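A.B. asks: Same order as they appear, the protein sequences are chains W and L.
Under the numbering used here, the first sequence has 101 at position 101, and the numbering climbs by one with no breaks.
Take the position in the second sequence, starting the count at 1, then add 1000; the result is the number in the numbering used here.
Derived from the structure by calculation, the hints contain no laboratory data.
Wrong hints could be hidden among the right ones.
Stated by the list, open to error - Heads up, simulated BS3-like pairs for lysine-lysine below, C-alpha to C-alpha not over 30 angstroms straight-line:
# : chain 1 : residue 1 : chain 2 : residue 2
1 : W       : Lys49     : W       : Lys99
2 : L       : Lys1086   : L       : Lys1413
3 : W       : Lys99     : L       : Lys1183
4 : L       : Lys1413   : L       : Lys1390
5 : W       : Lys46     : W       : Lys99
6 : L       : Lys1183   : W       : Lys46
7 : L       : Lys1183   : W       : Lys49
8 : L       : Lys1183   : L       : Lys1253
9 : W       : Lys105    : W       : Lys49
Keep in mind that this is a model prediction, so the values were computed, not measured.
In case you want the letters, here they are:
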Amino acid sequence: MSDIKFTEDHEWIGLDGDIATIGITDYAQQQLGDVVFVELPQAGRKVTKGGDAAVVESVKAASEVYAPVDGEVTEANAALSDNPALVNSAPMGEGWFFKIRVADKKQVAALMTEAAYQTFIAGLK
Amino acid sequence: MDRSQGRAARPGAVAATETGGASHRGLQLEEPLLFEQDSPGRSGVDFPAAPKAADRLGGLRRKGVVGLPGLSEPQVIRHFTRLSQKNYSIDAGLYPLGSCTMKHNPRLNEKLARHPGFAELHPLQPMSTVQGALALMDELARWLKTLTGMPAVALSPAAGAHGELCGLVAIRAALEARGESRKRVLVPESAHGTNPATAAACGFSVQSIPADSRGRVDLGALRAMLGPDVAALMLTNPNTCGLFENEVVEIAKAVHDVGAFFYCDGANFNAIVGRVRPADFGIDAMHINLHKTFSTPHGGGGPGSGPVVLSAALAPFAPLPYVVHGPDGFRLVEMAEGAAKSFGRLKGFHGQMGMFVRALAYMMSHGRDGLYEAAGDAVLNANYLLARLKGHLTPAFDGPCMHEALFDDRFLKDTGVSTLDFAKAMIDYGYHPMTMYFPLVVHGALLMEPTESENRDSLDRFIAAMRELAARARAGDAAFFHEAPTLAPRRRLDETRAARQPVLRWRPPTARRAAE
């Protein structure tokens, strides 16, 4: 997962072969504050780019997590059910949300690079 | 009186340690649970011993103890009185949460709602014996229709969100009658969370409409999202940013042009009641939170009330029952009649009578001119806050606002103080915090609604406190904010742990130890 891409809705996506791992960014977890609950999609569910895929709830707010690209869910991070705090402590690592089999890799390539995302969030502050 | 001689309330219970009385400080009373105040054998009443009787319960016979605490009458009274004293309420002082929580409940409303002729009715009484109550419902319906300009109203929904459900089920029924199955509902990103939840509960998929830089619906973006599969738009006006959607007529036209319905969330009707008729926006349905606009208690010890006004297109699908007036007086229609294709019932009976009495009392005691004035005062008070806090806090959007003044957290930038810290510090200054971190479209939002009930002196005191807190944050006193509240009986609660590991049931200490 060398090449991680980002969305304007603060999801990250790392591609490994056909399988992409998706989570929320460090900026997103900082904005949410302590995460207390995560609702994840079941394996086999089809997701579409920009459509709802998961829900993350913090002491401040509940937010949708959108699928950055089209695909089919292959696995959800079961560890988050018992320990949603992983989203805060390791948003880009152990706090990943779900994995999908990507339908079209070109959709991944079209997303923001890390540098572009950093510029994007600097504009939000 | 302590009737220690009476029959033990909990025979054989283990003596509990005395927990009350020892931890009082400055008359701030720590209040243990009633179960923790248990004293075996103590009782408020003196029951005779139960007579001998044959046990016919078989396997249903209770094996363990009931576990009710032994308490005297004064203990129980003191317990609930102390708890009520811990409650910060609109009767104790200003709170900037505003009508979302509850605005002032005029005591005249309460007096009338307690009238035995209303309070002691049973919903299954013969109609001939409840003509006055039915007349009151009919009169309330007439006021709601007149104030909104709409042809029909459903009184039975038990709350605002229940009203949303009523509106969307009516829309779905109307679409089905047209032979259409439209799937999408559009909701602005600043909407109340109940809007998308209601649409999803009705089986629609929800799409979020972006706001423009003025904090209002982006009409261009809305037009681009509209299409033949859109069932409805759900829009709050004035919106959750406290702003009037001034393109609402164009919005309604665009929605109707694609054959969709316009659901208006009437949560903020208080700001415009008596001045603007939502029918003139071009709406098809709108719920009215009686507690927010017409001063009823929020919930009121039972279900609340969220009547829904309906357009001519949706009126045939209105829920049952409803009141009609005929030659023989008033009548509650319980089965669909004539051309009506009612979608059915929303709840067991006709709605919350106690709330109906209070709301109509408020309307009639104010009159149309009084309601006009109340809406004006609500808007004036919010603008007074906005104007006098501008330059101290940072308004999220340029004014004028409607009934709510919305600030973002730019004024706290680089102070090390967050909106949450600021809110906690307000408690030490004697104010209940405002709505915070909502609407989500505004960063670190502080949403203040003073309502029409506060006078200028009260607002000036609040403004002085807010200015002092803002100055303190800017002066680098972050430690004060991080410590706050220091004067409340409880300091900062561990909200994260409470949400992650909620303890939902009290267990006696022995059972708790066994479970660990």
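A.B. asks: Compare the structure with each hint and give your call.
C.D. replies: Tested hints:
1. W:Lys49 / W:Lys99: Between lysine 49 (chain W) and lysine 99 (chain W) the Cα gap is close to 14 angstroms, so the pair holds against 30 angstroms.
2. L:Lys1086 / L:Lys1413: violated, 34 angstroms
3. W:Lys99 / L:Lys1183: holds, 28 angstroms
4. L:Lys1413 / L:Lys1390: Satisfied, since the Cα-Cα distance of roughly 16 angstroms is no more than 30 angstroms.
5. W:Lys46 / W:Lys99: holds, 12 angstroms
6. L:Lys1183 / W:Lys46: holds, 18 angstroms
7. L:Lys1183 / W:Lys49: With a Cα-Cα distance of about 18 angstroms, the restraint between lysine 1183 (chain L) and lysine 49 (chain W) holds, given a limit of 30 angstroms.
8. L:Lys1183 / L:Lys1253: Roughly 20 angstroms separates the two Cα atoms, so the pair holds.
9. W:Lys105 / W:Lys49: holds, 12 angstroms
Hint check: a violation occurs at hint 2 only; the rest are consistent with the structure.
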